[in-house]
Amino acid sequence: MDAKDILGLPKTAHPLTQEKKSRPPKESQRKPDGISREVYALIGDEKITWQWLPFTNSARKDDLQLYHWVRVVNGAPPSGDYSFAKYNKSVDVIKYTDEEYEKYLTDPVWTKEETDQLFDLCQQFDLRFIVIADRFPSSRTVEELKDRYYSVSRHILIARAASPADVSGHPLVKEPYKVTQEKERKRALSMVLSQTKHQERKDAEVLAEAKRIAESRARMVARSARELELPVTFNAGRENDERGTLRMLRVYLRTYALDQMIVAASSSAGLRTIKRVEQSLQELGVNLKPRVPTKAVCSEHLELRKEILTLLNLQKELQYKEADGSSYRDSTYETPGTPKDRTFVPDSMMFGGERVGKRDQKRKGPGRVSEAPSSPAQSKRPRKLKATDL
Amino acid sequence: MSARKVGETEPQPEEGGSAQLPQSIRASKSTEDSDKKSTDRKLKDVDICLPIVYGTIAFYLGRKASESQSHKWTVYVRGATNEDIGAVVKRVVFQLHPSFNNPMRVIESPPFELTECGWGEFEIAISLFFHNDVCEKQLDLYHHLKLYTEDESGPQSTKKPVVMESYNEIVFPDPSEAFFARVQNHPAVIVPRLPAGFNLPNPVLNDNMNENKRGDTKDHPLSQWFLNFSEADELLKLAAARQEVQAHIVNVRRKLSLMDGVPQLSKPPSGFEYA
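Those protein sequence lines, which keep their order, are chains A and B. Take the first sequence: its letters are residues 90 to 479, numbered as in our numbering. Take the second sequence: its letters are residues 1427 to 1701, numbered as in our numbering.
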């Protein structure tokens, strides 16, 4: 069984109709005497012999007769041509007459003799131009040879055709061989091949970067499109983009428009900052969502939010600037004993509740000696508000 | 105000001959050519605004209450100034809780309201459909039906209902000329002023405009419970808040610039000094 599989021989020459049932038990039970199981498997049940017989090959042009082992089944050898004859394929190289040459194929750079030689070689070597170039008597480049061969073939094809339309679909006619293009292609190929590892790494980096940019861009566009259910133009002046997108809607609620504008205006702010804006609004006694969202009210509301954002950012800036020169300003700015309120905002108006009571130092300076009453370990971010701060 | 431009610069044959225009190729239900064209031409950079109030008013039924029907409530959409919004809104669909029979209630004419009895609170989906020359898309609103007050002290009153109203404005950007012409003098609609010399076609009235039936809610039986929405209060509050914030900004900016003026004492590379 297994050996037959390897040899590619059929398991049995006859279809297994009635013999199916009786077969399996027969196979396993039958224990041939005198020969091993594997050999029996090769030989099989039929009368199989191997004979040393002569054969011919239709692919050959002569009448050479050779001999080989043939598997004979019940006295009948296999029929048909030599099994490898079908692989003898060749290219149809055009054969032009002398008249045709004079009429269509003359060329300033090529003699008839050379052209004939070229076509002979093409026929002989099945258009393997590398080989043809090697064997060509005069030194011509592969591109020159190809060019001559393909343009001759093309001209003959067009000349022999009944009308131009007949051959317009032929690949030779549709896409003629172009020398410069080929030269360029090969040059580029060799450049890629000879690239150093370093260059390869650089290229990969650049491509990865480009891919990342394209992907993040696509993600942003997709996100905005999802939110607004519309295609969105990308970036710069998000509020204006927002207004533009709103105009593309057929109908919308003013509260929806306000929400979108708020999102656009706060796009650079983190979640904590946005919460602080809302806290400030509450402290100012302003509804987070206007109760009477008219055009004027919404406009004022939006501007107010933007102004609060500005104020918060300015306060943060002030904080950091002070943190930089902290201990050295103590004497100039504050009397000792007062809480280190860095925001310079009167207590009645504690925006966002971020009272920098204790030191919030983002940056470390070398050799900074802190005189702060209680300086917690240098934290990377401003601490969250604690109950003790109030 | 900035100049308003007509959106499309197509030729405007008043009678027939619409072969040049692409719209004529598409199938159209409109009968008159001029009518069709004015619904297609849009006024760019113009908004038409319809202020509305929508919500519910719920009465406790008291003695008449049963287990399944303890309250009688009305859900509605009205013009914010109680004018008739039927010129803009064609129909309103209220989607009720599935426990109601035929939970999808369609109201084909103003006043757009619906009264029911029940015991439960749930979210009502309100879909507004507009006239053809206004907008083909519907607008969906959501409102939570409130039957009980937060203040649970004492028995519920049958006289004083629980009212929940929301104010909002429906904006139609770049409206069609026909729509604009039709509502430019309508009390329910806020329409910007166009520059003088602007030629709008004569308004074409749709058959669905209820000229006879009263669509406004000025004398509505429930109008005494309608809430007041005045932008004045809110504007005042906002203006005051803005002033305050602006003052603080000025303050902080001043401090920042003062700091910039003072030489930095703590620049790392050059070491430090004690003050």
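If you are wondering where the hints come from, they were derived from the structure by calculation, not from laboratory data. Hints may be right or wrong, so weigh each one.
Unchecked claim - Quick list of the computed label-pair ranges, beta carbon to beta carbon:
no., chain 1, residue 1, chain 2, residue 2, range
1, A, Lys364, B, Glu1576, 21 to 31 Å
2, B, Ser1683, A, Lys364, 49 to 59 Å
3, B, Glu1578, A, Gly359, 34 to 44 Å
4, B, Asp1471, A, Thr269, 33 to 43 Å
5, B, Gly1488, A, Gly359, 49 to 59 Å
6, B, Asp1471, A, Pro265, 52 to 62 Å
7, A, Asp292, B, Ala1551, 48 to 58 Å
What the hints assert, rightly or not - In the DMTMM-like style, the derived pairs of lysine to aspartate or glutamate whose C-alpha atoms are separated by at most 20 Å in a straight line are:
no., chain 1, residue 1, chain 2, residue 2
8, A, Lys378, B, Asp1471
9, A, Lys384, B, Asp1471
10, B, Lys1663, A, Glu367
11, B, Lys1470, B, Glu1562
12, B, Lys1468, B, Asp1600
13, A, Lys410, B, Asp1471
For glycine and all other residues, C-beta sits at the position ideal for the given N, C-alpha and C.
Do the hints match the structure? See the list:
| no. | hint | verdict |
| --- | --- | --- |
| 1 | A:Lys364 / B:Glu1576: 21 to 31 Å | 26 Å, holds |
| 2 | B:Ser1683 / A:Lys364: 49 to 59 Å | 29 Å, violated |
| 3 | B:Glu1578 / A:Gly359: 34 to 44 Å | 40 Å, holds |
| 4 | B:Asp1471 / A:Thr269: 33 to 43 Å | 54 Å, violated |
| 5 | B:Gly1488 / A:Gly359: 49 to 59 Å | 53 Å, holds |
| 6 | B:Asp1471 / A:Pro265: 52 to 62 Å | 56 Å, holds |
| 7 | A:Asp292 / B:Ala1551: 48 to 58 Å | 56 Å, holds |
| 8 | A:Lys378 / B:Asp1471 | 26 Å, violated |
| 9 | A:Lys384 / B:Asp1471 | 15 Å, holds |
| 10 | B:Lys1663 / A:Glu367 | 15 Å, holds |
| 11 | B:Lys1470 / B:Glu1562 | 18 Å, holds |
| 12 | B:Lys1468 / B:Asp1600 | 6 Å, holds |
| 13 | A:Lys410 / B:Asp1471 | 45 Å, violated |
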